[in-house]
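> Once you've looked at the hints, dock chain B against the given chain A.
2 protein chains.
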Amino acid sequence: MASKKKIAYFDNAATTFPKPEIVYQFMDEFYRQYGVNVGRGQHSLANEARLRVDDTRKRILRLLHCTPDSKVVFTSSATESMNVILQGLPWENGMNVYVSPFEHNAVMRVLNHIGKKYNINLQVLHVEEKTLFYDLESIKYQFHDQTPHVVIVSHASNVCGAVAPIKEIFDLAKTYNAVTVVDMAQTAGLIKTDLSVVKADFAVFAGHKTLYGPLGIGGFIFKNDVKINPLLYGGTGVDSANPDLPEEIPERFEVGSPNILAISGLNAAVKWIENTTIEEIYKREQENKKKLISLIKNYDNIKMLLPEKEESIGVISCVFDDYASDSIGKVLDEQGVAVRTGLHCSPSAHRFMKTFPAGTVRFSVSYFTGEEDFEILAGALDYIQNNS
Amino acid sequence: MASKKKIAYFDNAATTFPKPEIVYQFMDEFYRQYGVNVGRGQHSLANEARLRVDDTRKRILRLLHCTPDSKVVFTSSATESMNVILQGLPWENGMNVYVSPFEHNAVMRVLNHIGKKYNINLQVLHVEEKTLFYDLESIKYQFHDQTPHVVIVSHASNVCGAVAPIKEIFDLAKTYNAVTVVDMAQTAGLIKTDLSVVKADFAVFAGHKTLYGPLGIGGFIFKNDVKINPLLYGGTGVDSANPDLPEEIPERFEVGSPNILAISGLNAAVKWIENTTIEEIYKREQENKKKLISLIKNYDNIKMLLPEKEESIGVISCVFDDYASDSIGKVLDEQGVAVRTGLHCSPSAHRFMKTFPAGTVRFSVSYFTGEEDFEILAGALDYIQNNS
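Here the protein sequences line up with chains A and B, keeping their order. The opening residue of the first sequence carries number 1 in full-length UniProt numbering; numbering runs sequentially from there. The opening residue of the second sequence carries number 1 in full-length UniProt numbering; numbering runs sequentially from there.
Just chain A, with the same shape it has in the complex (with noise of 0.2 Å):
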């Protein structure tokens, strides 16, 4: 393997890294000696690692504050989520469909498939271009005009940290019906959330991201209200003769091997962030957003895109003066930095910021982005600078 120069990490947004020290440890160690095939009424190994799966699922509800009939159904990402959930609904020409103007590919890449089978009306909620602040009252009259029949909203965007008022814009999606789907992959874990509250029907969520643990798992809440389809089918354990997926859920959604690698990590994670508490975790994750952006207002030849009004994550879009985003990247990469330019995979949320198609650099902090990652980063921008 290459060096070990210390890198100063500002694509957190992309995944989370480092994971904290006991989701290294605890993963390694529980794959070793559990790492078997998950089984209900097998051997002592699968059961043991039934048990992990299941405490994990308890503590994702708890840690979101489900509704006691919410279910947990882990895939092996949150586009995967994404994907059994909007591609599962079941369609029919003329519907509404509003997102959010800060929709993932994971989103609008879906929806631009669904929209080749049935004749979808797609409409994006109000928000302020100058502020980034969602339009409550004019959303009200879009869903007047036009009732939503599907509502589909990133809790945080992964290109300018935009938090969106989740639990008013459901409000009123649910006074017309409309199915809501709140994606919580920038957001699960760090902004405390009550699903108790918030009238989302789907609630999708990285592991790998907010939640600290490793790639491979993702997932969703799941409130049984409305029916979806299966988008995958296999083997899942239980009911085999049985040709089709078996009606229970989580089984119904997942097949194949659970992957109990990626959800011991998990639950690890989740059980680092239960003892950290979610309350301190955001508080450093602001303060280190905070530090971020004094730092970037000290050169005035970096344009940042942040919303005004609006709570937002540590998630922060740049623009440099007379350099493409790619190149910045190559020096910052050069320097040391890391981050992501481009599109950042949200084409539409650039559009709207007006950045596409050149897009930006992104810096995105986490709970972990210490001094030494500052003082590096400062490095670097003052080398660009001064090379300008």
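In case anyone wonders, no lab produced these hints; they're calculated from the structure. Don't take each hint at face value.
Any copy will do: because identical chains look the same in the list, a pair fits if it lies in one copy or spans two.
Using 20 Å as the maximum straight-line C-alpha spacing, the simulated SDA-like pairs for lysine to any residue come out as follows [stated by the list, open to error]:
| hint | residue 1 | residue 2 |
| --- | --- | --- |
| 1 | K116 | L89 |
| 2 | K117 | L89 |
| 3 | K117 | S327 |
| 4 | K140 | Q335 |
| 5 | K116 | Q87 |
| 6 | K167 | F133 |
| 7 | K116 | P90 |
| 8 | K291 | G379 |
| 9 | K6 | W91 |
| 10 | K309 | F133 |
| 11 | K5 | Q33 |
| 12 | K5 | E29 |
| 13 | K271 | K303 |
| 14 | K303 | E21 |
| 15 | K309 | K354 |
| 16 | K116 | R32 |
| 17 | K140 | D171 |
Only a predicted model underlies this, so the values are computations on that prediction, with no experimental measurement involved.
The following block gives chain B in isolation, referenced to the frame of chain A:
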């Protein structure tokens, strides 16, 4: 975690366990150091992760002797791979689909789903019930009578271990230009296979079984002769402004963040196979199979369902006198032996072998099955015999 009492693990067909030490070690080390989101031209950590993904693709292609036009598509599992391939085929009413009698629910449930949308004619390839021998002459007549459009063959049964003569079957199928799919979940890395000679359009593999890698990674070899429609939509990290998926393979079929945790483990696993050699792994696995057969032969309360002529892998299904397979599973577990009982997600195979719906007790070995495992198993089988 629970006690560390040695458990004799005979459930390797579910997932090989343990993995080679280097797999645990490398995966932990790599993920700690480069556990970021794989990217092109982003930052050095992302590039290092990408190199590891590319290297893993190359090694898998080499391991299976693929032609230069072949591509590896990574998915989260063999089940997901089978869904992507089968649901992606250009189905039409009236197509004749041939399967082996041993197909897993990862095939059968997908076909059942497709059968609800299209009027497909499902046929089972002729296999002699007694010997579990593929009757190629008879299959030739089957194909002649009803032209094959799609032929799906499990390379080795996860219930009885019978190995299919895939070269011969696909040679016949290709005289009719059928689409050919081989499920190598139980054979990739174990049975020397030359995919430059075997006329498979798609070859599915599971990372966590005979490839000795971790859970969370599977995939398929794609020759790109047969066009399939994508099943999953989302971000691909490239061509983000395109509302459709990119045309390039593998990008078109790989959405969301690549699972570098599992891919790094698979990378180490394939290297381990290269160093150990596939011949040596096969030899050891066959020796362990023979030991298992010899051991079980000592007990006249156990009937083994062995392929009589056909080559087989180290997967042995058994029926015990007087006791249901699940009860035997429980006793074996109490005696420290891990097996899998029931239908093994392959009800078709059990129907064919007349062990449906009761199922069997399945013992499966790996390269790592050792003397101590056999001793514990002997003790447990003694106990069952003495207490029958």
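> Would you mind marking each hint as holding or not holding in the structure?
Hint by hint, here is what the structure shows:
1. K116 to L89: Classified as both: same-chain Cα gap 15 Å, cross-chain 17 Å, threshold 20 Å.
2. K117 to L89: both (13 Å within a copy, 17 Å between copies)
3. K117 to S327: neither (40 Å within a copy, 49 Å between copies)
4. K140 to Q335: So K140 and Q335 fail the 20 Å test inside a copy (48 Å) and across (65 Å) alike.
5. K116 to Q87: both (12 Å within a copy, 17 Å between copies)
6. K167 to F133: within (15 Å within a copy, 62 Å between copies)
7. K116 to P90: both (15 Å within a copy, 16 Å between copies)
8. K291 to G379: within (15 Å within a copy, 64 Å between copies)
9. K6 to W91: Intra 50 Å, inter 52 Å, cutoff 20 Å: neither.
10. K309 to F133: within (6 Å within a copy, 72 Å between copies)
11. K5 to Q33: Between copies only: 10 Å across chains, 33 Å inside a chain, cut-off 20 Å.
12. K5 to E29: between (27 Å within a copy, 15 Å between copies)
13. K271 to K303: Neither. Shortest intra-copy (38 Å) and inter-copy (47 Å) distances fail the 20 Å Cα cut-off.
14. K303 to E21: This pair counts as neither: shortest intra-copy Cα distance 35 Å, inter-copy 49 Å.
15. K309 to K354: within (19 Å within a copy, 69 Å between copies)
16. K116 to R32: Close neither inside one copy (46 Å) nor across copies (42 Å); limit 20 Å.
17. K140 to D171: Only inside one copy: K140 and D171 sit 10 Å apart there, 63 Å across copies, limit 20 Å.
Of the hints listed earlier, those the structure fails to meet are numbers 3, 4, 9, 13, 14 and 16, in rising order.
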